[in-house]
Every structure is written in C-alpha cells, then in structure tokens.
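Visitor: Spelled out from the first residue to the last, the chains are:
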Amino acid sequence: MNMSKTGILKSSLSRKYAMALTGLFLCLFLVGHLLGNLQLFVGGEEGRDAFNNYAQFMTTNPLIKVLSYLTYAGIIFHIVDGFVLTIQNRKARPVKYVVEKGNLNSSWASRNMAVLGTILLVFLVSHMQSFWYVMHFGEIEIINGVKDLHSVTLDFFNPAINNLAGVMTGLYVFAMLSMAFHLNHGFQSAFQSMGISHPMYTPVINFVGKAFSILIPAGFASLPIYLFIIQS
Amino acid sequence: MNITLKVWRQKGPNQLGAMETHKMTEVSGDMSFLEMMDVLNDNLIRGGKEPFAFDHDCREGICGSCSMFINGEAHGPGRNVTTCQLHMRSFKDGETIHVEPWRSAAFPVIKDLSVDRSAFDRIIQSGGYVSVNTSGATIDANAIPIPKHDADEAFDSATCIGCGACVATCKNSSAMLFVAAKVSQLSLLPQGKPESKERVIRMVDQMDLEGFGNCTNTGACEVECPKGISITNIARMNREFLSSNLTSK
Amino acid sequence: MLDSRIPEGPLAEKWSKHKDNIRLVTPANKRLIDIIVVGTGLAGSSAAASLAEMGYNVKSLCFQDSPRRAHSIAAQGGINASKNYQNDGDSVHRLFYDTVKGGDYRSREANVHRLAEVSGSIIDQCVAQGVPFAREYGGLLDNRSFGGVQVSRTFYAKGQTGQQLLLGAYSALSRQISKGKVEMLNRHEMMEVVKVDGKARGIIARNLVTGEIERHSAHAVILCTGGYGNAFYLSTNAMGSNASAAWRAHKQGSFFANPCFTQIHPTCIPVSGHYQSKLTLMSESLRNDGRIWVPKSKDDVEAILNGSKLPRDLKEEERDYYLERRYPAFGNLVPRDVASRAAKERCDAGFGVNKTGHAVYLDFASAFVRYGKTEALTKGISNPSDETIVELGREVIKSKYGNLFDMYKQITDDNPYETPMMIYPAVHYTMGGLWVDYNLMTTVPGLFAAGEANFSDHGANRLGASALMQGLADGYFVLPYTIGDYLADDIRTGKISTATVEFDAAEKKVKDEIKALISNNGDTPVDDFHRRLGLIMWEKCGMSRNEKDLKEAIAEIQELRKEFHSNVLVPGSENEFNPELEKATRLADFLELGEAMCLDALTRAESCGGHFREESQTPDGEALRDDENYTFVSAWEYTGSPSEAKLHKEDLVYDNIELKQRSYK
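Residue numbers (the working numbering), protein chains in the order written: chain A, 1 to 232; chain B, 233 to 481; chain C, 482 to 1146.
It is worth saying that the hints were derived from the structure and are not from the lab.
Keep in mind that a hint or two might mislead.
Here's a subset of chain B near chain C, in silico, CB distances under 8 Å, partners left out [stated by the list, open to error]:
#1 Asp270
#2 Ile277
#3 Glu282
#4 Ala285
#5 His288
#6 Glu292
#7 Ser297
#8 Arg349
#9 Tyr361
#10 Thr366
#11 Pro377
#12 Pro379
#13 Ala386
#14 Pro426
#15 Ser428
When the alpha-carbon atoms are kept at most 20 Å apart in a straight line, the in silico EDC-like pairs for lysine to aspartate or glutamate are as follows [unchecked claim]:
#16 Lys101(A) to Glu454(B)
#17 Lys990(C) to Glu695(C)
#18 Lys1127(C) to Asp605(C)
#19 Lys255(B) to Glu327(B)
#20 Lys680(C) to Glu693(C)
#21 Lys281(B) to Asp1004(C)
#22 Lys243(B) to Asp1004(C)
#23 Lys992(C) to Glu1057(C)
#24 Lys101(A) to Glu327(B)
#25 Lys881(C) to Asp895(C)
#26 Lys1141(C) to Asp1107(C)
#27 Lys10(A) to Glu442(B)
#28 Lys281(B) to Asp1107(C)
#29 Lys425(B) to Asp605(C)
#30 Lys836(C) to Glu442(B)
#31 Lys796(C) to Glu899(C)
#32 Lys324(B) to Asp895(C)
#33 Lys639(C) to Glu385(B)
#34 Lys660(C) to Glu534(C)
#35 Lys836(C) to Glu282(B)
#36 Lys660(C) to Glu385(B)
#37 Lys879(C) to Asp384(B)
#38 Lys1146(C) to Asp801(C)
#39 Lys10(A) to Glu430(B)
All of these numbers come straight from a predicted model, not from anything done at the bench.
Every residue, glycine too, gets a C-beta built ideally from N, C-alpha and C.
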C-alpha cells in the first residue's frame, strides 16, 4: 500500500492539484461566460431577444444545469481549498519578518493570490445578487415569453436609472483588474502544480497564460464600460 | 565604512525577541558578512555584553550552516551566495542593515539568529536515500551507463546544501524546493528509480507533518537559493507524487 | 609496546587474509553491543551507517546542527580509485606506490595497500547510493588527473565531490536513523572519553543547545573527528573543526602520532585583514592551467603595490615563473609541499605582490591564448585577432573552472579573467593524528580512530583526492570488519552502566573545566588567544621550521596557555546555547596540541613531506630526508603535560618499495 498516510486529499500536494484543476476549470467557465456576455454588444430588439433567449437557455437546459452545478462546486472547492491553504500557510510562519522584500524575488500577484481571490469572492457575491438572483428569484419582466435579463443588465449600468451605475462600473472594472492579476499568476501556476514543466512547452504555457489573463478580464470589463458610456 | 545594524535578539525558543540596534565603524568592504558579525560580537564581549549566537561553519558557501535573513532577503542581497560569502562591499556606507533569523514554525529559534533545522534531517530520514547496503558488494560502478544529461541534471539537484533559504524566503515557509531537489536527484538516476514511488510519498508526508506551508509557485525560492536550484524540480516532484498515488497498489 | 598488528604474509594478501581470520560477532550478538561514533564526516557517517546496518546499536554525535554539515563537505577536487577505467595502466599497486611516495615514505605500507585495494569498492558503493559523479557522453564515469600522478584516476562531481560523497554517506546514515538503528545526536560535542578497566567504555558529551552534560556508554568508541588544522587559527578548515575529541583521547592514553605533519596547500586566497576568520582554498586543479609568478625586480613589486603598474603590464622577461625556473620537470605541477615552500621563499625575499607581502600570482593569460588558438582552429576561424583568441580561451577556462573563478571574484572583488589571481599557501590538512594499529584501534583498547583523525595512510604529505578515499575506506570497508575483532570479547559483557565511579569522575572533570572557563574573570575574548596561537604556529611551526623557532614557540605557547586560563573572558552561562564557551573549550585543547606539534617538529630533525626543517636541506634549498635516523612514526604518550610527552617509535618497514629522495627538478 503506497497511499499517502496523511491521506491523498489532505496532502499539501493534493490540495495544490485541486486548486489547479478547479482553477483551470473555472478558466473554461470564464471563456463561456464571456462569449455569452459579448452578445450585449449587439444593439436593438434583435440583440435583446437573442441575449434573453441565451439566458433562458442557460438557466433551463438540463445539460447546462449539470455544468452549472459543476461550476458552483468548482468555485466552492476553489474557495474552501484556497482558504485552508492560506490558513496553513499563515500558521507556518507565526512570527513575521520585520523587513521582508518579496518584490525582489517574486511577482506581486503571486504573493497576493488570497487577497485577489477574496476580492473576486466579494465581487462574485455582489454580481450574483445583481443578476443571477434577479434572474432566478427576482421580479423580472417577461418579453416574448422569456425573462428580460437584457434590460436588467442595461439598466444596471444606466446612470439615469441606477444612480450607483458609475460606481458599479468602476467596481466591475476593479474586480476585473483583480481577476487579471489572479489569472496572471494562477494560469501558469496551475500547470506547475500539476507537474507540467518542460523547457520547450512551459514558455508557451506562460505566454498563453499572460494573454488569457489580459484578454478575458479586458473582455469582461469592456461591457460595463460600453454600457455605461452609451447610456450616459 | 559605517553601518547601523538591527539584529534579532531572542534568549531562547519560548521567549519573545526584538530587534537590537548597534552601530559599527570602520567596516571593511573585504570583510564577509560573518566576519563583520565576528567583529560586532568581539565588541560586545569586550563591553561585557552577550554576543549574538548564529550558525556558521565552513565559511566557504558549502556546509549550509549560515542562515541569516538580511535586509528582507535570505542570505541578503546578491544571488547564488550564502551569508558567509556575502561581502560588506555589497552594502553602502551609512546603510542600516536588518538581520533576522530564518522564520518558520518548522524552524524554531534556538537563540538569536540560530534556528533548529532538524526538520530537514527528518525529511531525508523519511526516504531521501537509496536503500542499498554499504557492503560495497554492489555491481561495478560502470555497469549501468547513465546519460550525461541525466547525471548532470541529478547533480544540479544534488547541489542543495540544506541551508533552508527556500523555506525562509517562501512567504508560506514551504520546504518544497528542498524536498523536490532530493526527490529529483534520486528519481533521475537509475539507482534511485526502484523506490521512487514510495520515496516521494513518504517525503511529502513528512514535509507536511513538520508544519511547513504549501507551495504557491511564487518562485521566490529559486531566486534566493544560494545554489540556484530550479523550481522545475518542484514540478517534477508534483508529477511524481501524482503518478505514485494514482498507480499505487 | 607499540604493536601495529600488521598481518603476516605478502603485502597484497594481508588484508584478505586478515579478513578471513578475523574474529566475528554473530548477528544476534551484535544486537547486544553498543558503539559510539563521534563525528559525521565521511568516516563517521559511513562507519555509523555500516555498523548499524550490520546490527550494532550505534549512537552518533556531531557538533553541527545536522550530520550533513561535517567539513568533508567542503572537499572540492575528487576521490582517487584504481579502477583503471581510462586504461592508462592504473592498478592497486600503482595507487599504493603513488600514495606512499607522495607521503614521502612515512606511512605504513600495509595500511596504504589496503586503502588502494578497497578504493574501487568505494566508487561502486557511492554510485549505488546515487552519488552523481561526472560522466562522459557515453554514460560512463569520467576521470581527471590530479596532484601530478601519471594516471587519470580521480572521480569527481564538478567542484563539489566532498559534498556529494558526504551526502551519500549521510543518506546511508539517515536510512539507519529511520530504522532506529542509529540514535543521532546533533549539536552534541564529545568532552571526554570514559575508561573502565583500561578500556574505552563511553564518553561524556555536552548538549550544545541546553548545555547539559550527558553520559553515554558503549562497548567501543570510534573517533571520526577530523584534523587539527585550526591550531593555526587561519586554515581552510571549518570554524568548528577542532581537535578536542582526539586530544582528550590522547590525554586518556591514546598515543598521538606525527602531530607535526601538516599539509599547507599552495593555492588559497591570501589573507586580507586582521578580521580574517578563515582561508578559502582554490582547487589544486587550477595549477594545470595557471602559471605562478612574481616580478623579477623589487621596483616592479613596489610599482604594483603603489598602483603605478598593473601585473599585466609586466613583460614576460620581467616575470619570475619561479616554479618553472626551479623545477623544470614538473613546473607548476610540483606537489603541494614543494609549491608552498617556494611561494614562501619568494615572499620572504620581498617579492610578495599584495599589501601584506604574502601573495603570488596565479596567471591564466597564457592558458587563454593556448586554448583560444585551439578553439579558433576547431571553430574554423582563420586569422583570428589576439582579442578573439583570448576571448575564446576565456570561454574554455570558464567551462573548466567557472565556479572557482566566480568564488574568487566574490571574495576578492577582482576579476580573475582580467587580472591574475593572487594566491598564498594555507593550512589545509593534518596527516598526523591518533596512532592506530592495523585495526584502526588506538592504544586505548576499544577506542578507535578513523579518517583524518588517525595518522595512518598519508605519511608526511597527502596527495590530492586521497582524503575522501581514506575517510570512506575506513568507514565503509575497514572498521566494519576490524572492530569485530575487538568486540568479539564483549558479547557477554552486557549493557555498560553509566552509574559508575568512572563516569562520575569524568563528568565532574568536564563540569569543573567548564565552570573554570565560565567563571574566569578575564577580559580577553577567546578568538584573541586563538589568533595569537595561530600566529605562533604559522610563523614558527608552519611551512619551514628550525630548532630555535620551535623552542621559542614551545615557550610562547606555554605562556599563552597560562594567560588564556587566567585571562579569558567567556560570556553567558554553561547552561545554555553558548558558542563562545564551545570555542573556549576547543581552544584550551589547541593550546596544548600546538605545543605537542612543535615538540614533534623539534624532535624530527629531518625534512620530509610537509615537514621542512631548515637544518635538513640540500645545498640548493630542497628538502632532505634522513631515512637512516627517521624512518619511523613518532607516537607520543601523554604523561601529564605536552612538553613531558614520551616518544615511542614505530619503525616503518618498506619491503615492497625502495626509498628514494623525491626530486621534481
């Protein structure tokens, strides 16, 4: 019997695989979510109906439902695991250094994944409350037989309707900035954690990671900015 | 040159410590950092005060005894050097220098700048060896050719001096670089292969039990490692650990 | 009185016959026997691991915070073995011959031959343990030549061979610790040997963290505690390297052999200031490509010192390549003792090239050109400029010695690719040590000594890459057999009690000594005395020695010892982690051993190996051995003070080698 005596799931390395796998899975989710969101750039009733139908499909299709539960599970696992790791890491150094210059040997993002993750968690709660909750349980107008999430979204970033729209746009951009840093370290770190390291492929992974960490958050952030500007 | 030293003073493992300030004059740039500490201690002793305790031995960068966290970095400024090979010319006249012990729950302070690193010994004892008897009745040294590339890579991993700078530097006090270097060395060589599965699991278990933190891939360890050991060793260990657990019987 | 117990029979059969006839302890009985091993260098780690594996209960001590840090780790160059992988005619006999000759015919034939016999197994063993030796592209082990021998028999792991071998032994030791067969005591220092009925039955040790004085009993005690080079204060030894265990054993009845045989290594980084704490070695391999010189005229020395000239400004004819001049046959590759003395001679004559006057140049400029030309040819560069040639040559040198050049730059802030290195000899190794018989047992029954701590294999001068070989040979392949011969009598002894008058007395003695040091109302720190001892030793018992100096040194050391005991200041208490106290107890022993070294040097009125008596030289200043009167081992018996030690002579018999005067002209 070869199994780890601390239990494969409790070993520090196993927790790292879990972080890596759930993280990369959530990266896939981000791609899907962004693609859907980009429909908001299409204007007029046509765009509205297409977006609303997409939203309807995403909340009712059984296959998507399974995927979404997986995503919820992934998010929760990523959060809980990250929380446990962070607690362990803090306990590993009970007395802090008086002077510590981490900036000389590591990137800021790599040293602040927990902080960035917490910002993203707060954002996530607020974001789900604003849209997911309204879509599922809130009072929402029905247009052409489907819930009109499109208007909810537009109104959210419309200063004429929501007097916090400006602040919200700012917060969304800030959250996406945090995501950019989180992904910047997290993407390539996931591969290292899973033991994928090779002189030829690792630079490619790092490049893709960098690109991903810029493009995805930029894509997400562009929407609130766009909606805020066109409605101001 | 003149410098101001702020040095950690701690009577014993269970006592509180604090930084203590000392002015030093006529410091020569050719002094090693430890020789500067010798002069400080000499002054303290002559003045009827207690010298600072610190670990040191070979003073040529190979034994891994010296272990000071200087101005926010393990072994101070400069790359690929241990504290004993750090020279005072790396500092500016009038500079304030902070000197602290390695800080990690797994490396309790013994006194002042001296810490207990026996956790590393216990990790090696958990499996950092090849189970071969010392009778000399083995096969001829040249019976198994080893590709030069593998031998060189194993050597690079084997250059670890066990100083603990990786742990001291890591914001999580993780010992992954230390453990991974040994796991890599032995798994790269045919002699170490037969027990590589058990080895990685046992060593990682021991590492966890000792209370080191987790690796978050900041890469700080490989930057501060006085022997320049690469974090590709960590990736290799991650790989080995996973495949060992998945294929264990 | 001195029985070396060398087995009868032809030289080449002595060891195997001895092994065949030696008494054994059965596996079941081994479990009833305790052994203490002091020190965890190559000899100590390998001995502890091997004995534990055989079934004995082993207790192992080291003063460092981990057994892996013993100073064997600092050996750079390599380890010899007569594998003859290079097919250049190497053999056990040739390795044996080279070692005896290199030792200037002052070592025991039988011991050296055994060393050569087991050398091959060491390499097999280390490879099996996962030691990453350098390899060729075909995957087989690489060798390099070393120390002027005529074959290529040195195995190496870049410039860190000692480290890799020690980590191999440490891993074997760790394996036995994990099995509970070795109890490892880190940060423990042996303070005294405890004898019961004349036999070594245990030790008193100090826990360096808590200061606690502990009793440990055993059926046999093995000292693998290294050499005593730190008697000179400045040496290439580690700061903690000390002679206390060996010296305490000596005072308990073990004879000390050839204490004056010290090796001064020619290529070390020179002293830079008063604060200097240790000297750093630059591997001997550098002499393969570097040329050693000083200016021919003192005006040039002056000009270099005041900065008006740079070393590279001097033309070829203005330089004195003194080794090439004096020893045309071997040139820069003469043995260590010869190269060291020649450097001292030039510096004493006023040609030293740094501000202290104690430095000579080690210049790679001609190697840059030589390699550069070859490199240009192989790369097909036609009519390369001088700059291109030097640049290409530098790359070649970098690939061979890059880490040494980096280390030099780190320490001196000089770039050795641009300007010649400055080097000067420094104390490196001590060939003398506890006298042991063929079984490696000292004159105290049950007390063994292995590695640098004993005297047996290197005579008056050690060849490069032989120290690692001896340490591992003793620990892996000699002691595990020979100790059984002694322990066979102990299978019915049972556990040795520590609650005896002998342990009481030894513990009290240690405590009293410590108390005296701690409560001494002096005003001078330990290092101050150590520096002064070092200076006396270096000036008067260093690279060249004479009767007058040695007599003065003995008187000065006695005086210094008195002053030390009345005026040393040791801060802190004895019940805590107290590095100053550790230094003080070690220095107290060095202050006695230093005198013993001088006395031995005085008694041996011949020059041999590293021991150069000015009274015994040829008309042109070369060392002159006196085989007629000094072909013996000086084994000193302690009788109450170092100066009253009694000399016993073990005559050295050479049946297989003809004694010759070494010549490198």
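Visitor: For each hint, tell me whether it holds in the structure or not.
Guide: We went through each hint and held it up to the structure:
1. Here the hint on Asp270(B) is kept, as its CB sits about 6 Å from the closest CB of chain C, short of 8 Å.
2. Contact between Ile277(B) and chain C, as hinted, is supported at the beta carbon level, the nearest pair being about 5 Å apart and thus within 8 Å.
3. The beta carbon of Glu282(B) is positioned within 8 Å of a beta carbon in chain C (closest approach about 5 Å), and the interface hint is therefore held.
4. Because the closest C-beta pair between Ala285(B) and chain C is about 6 Å apart, less than 8 Å, the hint holds.
5. The interface hint given for His288(B) holds, since its Cβ lies 6 Å from the closest Cβ of chain C, which is under the 8 Å cut-off.
6. Restraint check, Glu292(B) versus chain C: the minimum CB separation of about 5 Å is within 8 Å; hint holds.
7. For Ser297(B), the interface hint holds, since its Cβ comes within 8 Å of a Cβ in chain C; the closest pair sits about 5 Å apart.
8. Taking 8 Å as the C-beta cut-off, the interface hint given for Arg349(B) holds, the closest approach to chain C being about 6 Å.
9. At a threshold of 8 Å, the smallest CB-CB gap from Tyr361(B) to chain C is about 4 Å, leaving the interface hint in force.
10. With its C-beta approaching chain C no nearer than about 4 Å, Thr366(B) sits inside the 8 Å limit, and its interface hint holds.
11. The interface hint given for Pro377(B) holds, since its Cβ lies 3 Å from the closest Cβ of chain C, which is under the 8 Å cut-off.
12. Because the closest C-beta pair between Pro379(B) and chain C is about 5 Å apart, less than 8 Å, the hint holds.
13. Interface restraint check for Ala386(B): the shortest CB-CB distance to chain C comes to about 4 Å, inside 8 Å, so the restraint holds.
14. Annotation: interface hint on Pro426(B) violated; nearest CB of chain C at approximately 11 Å, more than 8 Å.
15. The criterion of a C-beta within 8 Å of any C-beta in chain C is not met by Ser428(B), whose closest approach is roughly 11 Å, and the hint is violated.
16. This hinted pair checks out: Lys101(A) and Glu454(B) have alpha carbons roughly 15 Å apart, not beyond 20 Å.
17. Restraint check: the Cα-Cα separation between Lys990(C) and Glu695(C) comes to about 13 Å, which is no more than 20 Å; the hinted pair holds.
18. Restraint check for Lys1127(C) and Asp605(C): the C-alpha separation of about 43 Å exceeds 20 Å, so the hint is violated.
19. A distance of roughly 10 Å separates the Cα atoms of Lys255(B) and Glu327(B); the hinted pair therefore holds under the 20 Å criterion.
20. Restraint check for Lys680(C) and Glu693(C): the C-alpha separation of about 25 Å exceeds 20 Å, so the hint is violated.
21. Between Lys281(B) and Asp1004(C) the CA atoms are separated by roughly 12 Å; this keeps the pair inside 20 Å, and the hint holds.
22. Proposed proximity of Lys243(B) and Asp1004(C) is contradicted: the alpha carbons are some 23 Å apart, above 20 Å.
23. For a cut-off of 20 Å, the pair hint linking Lys992(C) to Glu1057(C) stands: about 14 Å separates their Cα positions.
24. Annotation: proposed proximity of Lys101(A) to Glu327(B) holds, straight-line Cα distance about 16 Å (limit 20 Å).
25. Pair hint Lys881(C) plus Asp895(C) holds up; C-alpha atoms about 19 Å apart against a cutoff of 20 Å.
26. Note on Lys1141(C) and Asp1107(C): the hinted pairing holds, with a Cα-Cα distance of about 11 Å set against a maximum of 20 Å.
27. About 14 Å separates the Cα atoms of Lys10(A) and Glu442(B), which keeps this hinted pair within 20 Å; it holds.
28. Restraint check for Lys281(B) and Asp1107(C): not satisfied, since their Cα atoms lie roughly 54 Å apart, outside the 20 Å limit.
29. As the CA atoms of Lys425(B) and Asp605(C) are separated by approximately 17 Å, the hinted pair is consistent with the 20 Å bound.
30. Of the pairs offered as hints, the one joining Lys836(C) and Glu442(B) is violated, with about 51 Å between alpha carbons and a cut-off of 20 Å exceeded.
31. For the hint linking Lys796(C) to Glu899(C), the alpha-carbon distance of about 16 Å falls within 20 Å, and the restraint holds.
32. At roughly 19 Å between alpha-carbon atoms, Lys324(B) and Asp895(C) fall within 20 Å of each other, so this suggested pair holds.
33. Distance restraint check for Lys639(C) and Glu385(B): the Cα-Cα separation of roughly 12 Å lies within the 20 Å cut-off, and the hinted pair is therefore satisfied.
34. For the suggested pair Lys660(C) and Glu534(C), the alpha carbons sit about 9 Å apart, so the restraint of at most 20 Å is met.
35. Among the hinted pairs, Lys836(C) with Glu282(B) is inconsistent with the structure: their alpha-carbon atoms are about 35 Å apart, more than 20 Å.
36. Of the pairs offered as hints, the one joining Lys660(C) and Glu385(B) is violated, with about 30 Å between alpha carbons and a cut-off of 20 Å exceeded.
37. Simply put, Lys879(C) and Asp384(B) have alpha-carbon atoms about 17 Å apart, close enough for the 20 Å limit, and the pair holds.
38. Taken as a hint, the Lys1146(C) and Asp801(C) pair is honoured in the structure, with Cα atoms around 17 Å apart against an allowance of 20 Å.
39. Between Lys10(A) and Glu430(B) the CA atoms are separated by roughly 17 Å; this keeps the pair inside 20 Å, and the hint holds.
The structure does not agree with the numbered hints 14, 15, 18, 20, 22, 28, 30, 35, 36 stated previously, though it agrees with the rest.
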